[in-house]
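S.K.: Sequence:
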Amino acid sequence: MANSPVLELQALACDPDSDILSVLMKAKMIAVKLGLSDLTEWIQLELNGYPSFDTVPEYRKGQSQLKAYSPQHQSWVPLVVNFNDAELNAMVSTFHITESISSVKKMNNKGETPFLPLPDWMADTLYEGIGQKTEIVWVISPGILEHVITTVRNKILDWSLDLESKGILGEGLQFSLREKEVAPMTVHNVTNIHGNVNNAGVIGSGNGDISQNNTVNAGDFNSLEKQLKDWGANDEDIKSLHQAIQESPAPTTPDNFSDSLGKWVVNMIGKAYAGTLNIAASAAPALLTNAICHYYNIPV
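Taking the working numbering, I'd label the letters of the sequence shown as residues 1 to 300.
Among the hints, erroneous ones may be present.
Claimed, not checked - Within a straight-line C-alpha distance of at most 27 Å, the following computed BS3-like cross-link-like pairs (lysine-lysine) qualify:
no., residue 1, residue 2
1, K28, K166
2, K239, K33
3, K180, K110
4, K226, K263
5, K239, K263
6, K180, K166
7, K61, K105
8, K28, K133
9, K106, K67
10, K61, K28
11, K61, K106
12, K239, K67
13, K67, K133
14, K180, K28
15, K239, K229
16, K106, K28
17, K239, K61
18, K67, K33
19, K239, K226
20, K229, K180
21, K133, K263
22, K67, K105
23, K33, K226
Derived from the structure by calculation, the hints contain no laboratory data.
This structure is a prediction, so every number in the text was calculated from the model and none was measured.
Working from the sequences, and respecting the hints, build out all of it.
M.R.: Now the structure itself:
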């Protein structure tokens, strides 16, 4: 068919010289017209960037060396991280590329070694170990950025080929009712990529979710432990919290947690962003703080 948007998308996607933004915009137009909301959401995230670590698909993650800027040497120096917590070590050495595909493309075209800055909450954890505040980054290879672009291009090409195999070609800017009915059968391979966008944790953000799911009783550590384990905390996490509670004066507001309680909360937030807890990273600060407040009978 000479005027098929699906065939035009195939031609764009399989051409390594075509602009990845053009590929995504064409794919978005087709996905919207076919009523494929999950696929449209993924394309939007690629175009606009991912809002948090827990929404980043696997092809945008990887292990990386950390470097810190040394004012003394006026250069970047390797930063060796060795926490007692293996999960925390893995978290800080795992980069997440949240930037939009256009930003990824620009970084890839610079011809320099790409740096990704750590988020503030993660950098704050590392500052304690190095004794000063300085810029900390993940150092990644240009090949990683090329991999992101190629993966996106290949997924869209596979989807367009699946559309064609099911007789969905379109004409001009229109698709028939039959094509729209069959189209949802074509998106499973693509939406599997970003399943974590729609399942970022069993608990989302918002005070309504927080109050409905909190089962902690004042002064009852067993109920606090059960709640935290439901959220994915392990025995070592519980032990560390119990020790912090034993060593700390009882807070009277959410704003005056002791240093040890505060560090525990920050550590757990990091685990949520690393995907090792069963709660959305965006909701973790409020959920964890509120759970401890319930234990201390602090109004929230």
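S.K.: Each of the hints needs a verdict: does it hold here or not?
M.R.: Here is what the structure says about each hint:
no., hint, result
1, K28 <-> K166, "19 Å, holds"
2, K239 <-> K33, "53 Å, violated"
3, K180 <-> K110, "41 Å, violated"
4, K226 <-> K263, "21 Å, holds"
5, K239 <-> K263, "14 Å, holds"
6, K180 <-> K166, "11 Å, holds"
7, K61 <-> K105, "16 Å, holds"
8, K28 <-> K133, "42 Å, violated"
9, K106 <-> K67, "22 Å, holds"
10, K61 <-> K28, "24 Å, holds"
11, K61 <-> K106, "18 Å, holds"
12, K239 <-> K67, "31 Å, violated"
13, K67 <-> K133, "13 Å, holds"
14, K180 <-> K28, "15 Å, holds"
15, K239 <-> K229, "12 Å, holds"
16, K106 <-> K28, "21 Å, holds"
17, K239 <-> K61, "30 Å, violated"
18, K67 <-> K33, "46 Å, violated"
19, K239 <-> K226, "13 Å, holds"
20, K229 <-> K180, "44 Å, violated"
21, K133 <-> K263, "17 Å, holds"
22, K67 <-> K105, "23 Å, holds"
23, K33 <-> K226, "47 Å, violated"
The structure fails hints 2, 3, 8, 12, 17, 18, 20, 23 (numbered hints given earlier, in ascending order).
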